[in-house]
Amino acid sequence: MSFSIDVQYEDFNVGDEYTQLVAGDKNAGAVVFFVGRVREMNQARAVTGLSLEHYPGMTEKVLDDILATAKQRWDLNSARIVHRVGQLYLSDQIVFVGVSSKHREDAFEAAEFLMDFLKTRAPFWKKETTLQGDVWVGENQKDEIAAKRWQES
Amino acid sequence: MIRVLFLAQLREQVGTAEIQIPTADLDAVKTIAALKDYLVNKNPAWEPHLANSKLLVAINHEYARTEVAIKDGDEIAFFPPVTGG
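Protein chains in written order, with this note's numbering: chain A, 1 to 153; chain B, 1001 to 1085.
To be clear, the hints were calculated from the coordinates, so they are not data collected in a lab.
Beta carbons are placed, not taken as given, at the ideal position from N, Cα and C, and that holds for glycine.
No false leads were mixed into what you were given.
As a list, the in silico BS3-like pairs of lysine-lysine whose alpha-carbon atoms are at most 27 Å apart:
| # | chain 1 | residue 1 | chain 2 | residue 2 |
| --- | --- | --- | --- | --- |
| 1 | A | Lys142 | A | Lys71 |
| 2 | A | Lys127 | B | Lys1054 |
| 3 | A | Lys61 | B | Lys1071 |
| 4 | A | Lys61 | B | Lys1036 |
Per the computed footprint, the stretches of chain B lying under chain A, defined by three or more beta-carbons under 8 Å from a beta-carbon of chain A, are:
| # | stretch |
| --- | --- |
| 5 | 1002-1015 |
| 6 | 1066-1080 |
From just these sequences and the hints, can you work out the full model?
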């Protein structure tokens, strides 16, 4: 029963994160997690690596806010966000979002919400290393559309 | 004094990560919009980058609109749309 975030250079271990998420919790009947990884092809560019920048202070605050919103909106036992910064390479892990709840519906929805809001609100910027040189990644329209579906009417 | 930060691609475009605006100049930068004018006035080459309508602004780590008032001691950050995850 914990809600926490980390922004870090180090890699994370999904097994350890899962163990932590449900430690001592006899009511967590459902766990959903998502891992984002560096992939080779992005918008037709052959990517060899990624450098990730953040805004120290604000990034952590936004992630905490997103977590607090999810906690209010769904019946969650625990939730966790880990996001890496610095130099990453192909197949490296970038982000972990994990949610536990009594029933699966809350965990599935909250995990999607956390990722959609993280992608459109949290101050992180990706710069790709490609065979054609370094390229700042532009915002993706589909992410904004995905985030909008969570707006409460 | 106000600290103004430029992040990610914008930092590379303007060629600096941070500038400080002295308290004596506070009257000229009462809002985000006025601050942009002040910065462009001092650095005409920044105009196309700061005029970018997609640019985001934060005051003291909170997203802010351009009409929001600035006060002494604030930390203002300009940055491009976010692309994490």
